[in-house]
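Q: Single-letter residue listing:
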Amino acid sequence: MSSIQAPAAQPGGASAAASGAARVARAFASGKAFVPFVTCGDPDLETTEELVVAMAEAGADLVELGIPFSDPTAEGPVIQAANLRALAKGVTTDQVFELVERVRKRTDVPLAFMTYANVPFSFGAERFARRMAETGVDALILPDIPFEEKEEFAAPCRAEGVAFVSLVAPTSHERVQMIAREAEGFVYCVSSLGVTGARENIATDVTALVERVRRARPDIPCAVGFGIATPEQAAAMAAVSDGAIVGSAIVRLVAEHGRACVEPVAAYVRAMKAAVSAVEN
Amino acid sequence: MTKGRFGVHGGQYIPETLMNAVGELEEAYAHYQEDPEFNRELADLLNNYAGRPSRLYFAGRMTEDLGGAKVYLKREDLNHTGAHKINNVLGQALLAKKMGKTRLIAETGAGQHGVATATAAALMGMECEVFMGREDTERQALNVYRMRLLGAQVHPVDEGTATLKDAVSATFREWTTRIDDTHYVLGSVMGPHPFPTIVRDFQAVISREIKQQLAEREGRLPDAVLACVGGGSNAIGAFYHFIDDPSVRLIGCEAAGRGVDGFETAATIATGRLGIFHGMKSYFCQDEHGQIAPVYSISAGLDYPGVGPEHAALHDAGRAEYVPVTDDEAVEAFEYLSRMEGIIPAIESAHAVAHARTLAPAMGKDQIMVINISGRGDKDCAAIARYRGEDLHE
Numbered sequence: 001m002s003s004i005q006a007p008a009a010q011p012g013g014a015s016a017a018a019s020g021a022a023r024v025a026r027a028f029a030s031g032k033a034f035v036p037f038v039t040c041g042d043p044d045l046e047t048t049e050e051l052v053v054a055m056a057e058a059g060a061d062l063v064e065l066g067i068p069f070s071d072p073t074a075e076g077p078v079i080q081a082a083n084l085r086a087l088a089k090g091v092t093t094d095q096v097f098e099l100v101e102r103v104r105k106r107t108d109v110p111l112a113f114m115t116y117a118n119v120p121f122s123f124g125a126e127r128f129a130r131r132m133a134e135t136g137v138d139a140l141i142l143p144d145i146p147f148e149e150k151e152e153f154a155a156p157c158r159a160e161g162v163a164f165v166s167l168v169a170p171t172s173h174e175r176v177q178m179i180a181r182e183a184e185g186f187v188y189c190v191s192s193l194g195v196t197g198a199r200e201n202i203a204t205d206v207t208a209l210v211e212r213v214r215r216a217r218p219d220i221p222c223a224v225g226f227g228i229a230t231p232e233q234a235a236a237m238a239a240v241s242d243g244a245i246v247g248s249a250i251v252r253l254v255a256e257h258g259r260a261c262v263e264p265v266a267a268y269v270r271a272m273k274a275a276v277s278a279v280e281n
Numbered sequence: 282m283t284k285g286r287f288g289v290h291g292g293q294y295i296p297e298t299l300m301n302a303v304g305e306l307e308e309a310y311a312h313y314q315e316d317p318e319f320n321r322e323l324a325d326l327l328n329n330y331a332g333r334p335s336r337l338y339f340a341g342r343m344t345e346d347l348g349g350a351k352v353y354l355k356r357e358d359l360n361h362t363g364a365h366k367i368n369n370v371l372g373q374a375l376l377a378k379k380m381g382k383t384r385l386i387a388e389t390g391a392g393q394h395g396v397a398t399a400t401a402a403a404l405m406g407m408e409c410e411v412f413m414g415r416e417d418t419e420r421q422a423l424n425v426y427r428m429r430l431l432g433a434q435v436h437p438v439d440e441g442t443a444t445l446k447d448a449v450s451a452t453f454r455e456w457t458t459r460i461d462d463t464h465y466v467l468g469s470v471m472g473p474h475p476f477p478t479i480v481r482d483f484q485a486v487i488s489r490e491i492k493q494q495l496a497e498r499e500g501r502l503p504d505a506v507l508a509c510v511g512g513g514s515n516a517i518g519a520f521y522h523f524i525d526d527p528s529v530r531l532i533g534c535e536a537a538g539r540g541v542d543g544f545e546t547a548a549t550i551a552t553g554r555l556g557i558f559h560g561m562k563s564y565f566c567q568d569e570h571g572q573i574a575p576v577y578s579i580s581a582g583l584d585y586p587g588v589g590p591e592h593a594a595l596h597d598a599g600r601a602e603y604v605p606v607t608d609d610e611a612v613e614a615f616e617y618l619s620r621m622e623g624i625i626p627a628i629e630s631a632h633a634v635a636h637a638r639t640l641a642p643a644m645g646k647d648q649i650m651v652i653n654i655s656g657r658g659d660k661d662c663a664a665i666a667r668y669r670g671e672d673l674h675e
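Quick mapping for you: the protein sequence lines, in order, are chains A and B.
Take the first sequence: its letters are residues 1 to 281, numbered as in this note's numbering.
Take the second sequence: its letters are residues 282 to 675, numbered as in this note's numbering.
Source of the hints: derived by calculation from the structure; they are not laboratory data.
Beta carbons are placed, not taken as given, at the ideal position from N, Cα and C, and that holds for glycine.
Residues from chain A that face chain B, not an exhaustive set, calculated with beta carbons under 7 Å:
no. : residue
1   : S70
2   : D71
3   : T73
4   : T92
5   : A117
6   : V119
7   : S122
8   : P143
9   : L167
10  : G194
Isolated chain A (complex conformation) (with noise of 0.2 Å):
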């Protein structure tokens, strides 16, 4: 396994600060982004580790590390038995920021958190986006925290040079606005209604999801998430947006071959990689 020749992360403070959202930012600089996730822990942490460093040579673009939660209610059966499985592993938020500082030794692929409002709730808002501005963590994605209750994460965030990133829902109608004014790093757009997990058919007008987002928001790139699988859905959403976040395909890629996962991942990541970037700017 060879690693990408990559400067480690900045040291904690101010200047580590201003590099997270700059990170952030980076990730959508050259072409139509793709955005896989991972569960932190399944099926260990070592392999983990690898998936992320791996995902990123394979042109991912930024990598979503989902840090387990019990009840994940924004998820689909497929990542919630991700979190249960890493879980049962005895996965801690503690283990997952050792996981961070070992993988930005080898990458400097930016990085979002996805996780549930009670794990950096009980782990501390301030201390855990210390913890993800030290360790080099860029973006922190809450999918139960909305626009309301946001300043909670997004104030001790913000203080750390951590982008929170705001998501906007086919639902969200006139509150997009709201939401884009105040958008962080990116706008991640929920491209139907339900849970996470692979779908047919997005029957949901995204193009008008995302144009509401960019009227209010020009300098913000927008992702679409939620139900991408196939190489063809990757290209059809990022020809609308500024790229494709995909959990679900990859966590299934993940179960179905346990630790033997690194490789078949990897090449699934090439392959929606290749797809979004043939997408004409």
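Based on these hints, arrange chain B on the given structure of chain A.
A: Below, chain B without anything else, positioned relative to chain A:
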């Protein structure tokens, strides 16, 4: 602070996809709450369909046996469908209908809320789907049949611990999938704003009646009101109109399961700490990393790792007291009330009866205690028989 706060508790910790849905609900409720026609229809349903007002019964034999406070029982078990749950469900179903919704979804633990929701859906000609932990569908098989009989679809939930918290998660997921025609009839004073307020308002009829009935019987306020607390809807209903009467002790009885010193408990205020889950900030049973604990109680209706935000705030303020009651104590109280008064309480309500047995003798004979009998115990008979070693199955 954001909307729907009770002290630091409450709020709206839900996915963006649901934010407009709870916003619409809040607006609709604000409108219909003040609408005389809505209130007239609801009062008619509560009185002529659910059988309100429920009786406030003086438990003479129990009073004599315990030798202290006069014990009154608020008979929510006599409501149609056998529990307090119908008060909230009729309110929410009527509200949903006014909002143009045609489909109700609900979580259920013991099955009482699911049965109540299926009942309201049948009455109002609405579709109904109920999510129930697989383990609970087995513990409460008769209620599963009742729901189906009433025309509802019951979805067993296999995720997680396959109990109430997983049923709540599954119902939230379902709501995220289909919002336009669907209202989530949340069964307790929990979840995101405005649910804790709406459910409390619909259950507050309990304390409004207690206050009036006791004034007629005794010409005064009670000294203590006792109720069991899972999410806390029957308790907040029984407490609400007494919150501003500081002489009235408000006592919530939590399910301690096999005891608060072990892991097999559901006593949130005794063993939990502040967290964010199921749309609200409140107290939750959780581990040091914020993972929600797999709780346990003999009572499926109290087998929940959190408590409603208004209870958390009443606890913080010292206005209400919360005491843990074990399975053993609850089962003894279940048998006690059956033999002493000929009233078989729900195993949930038996938790309040159990604490009353300790508290009443310590109170003066001139004092008055009201126990909210939130539901009837027919549904629990087979399980309690098995608990006592009898080979009885429904």
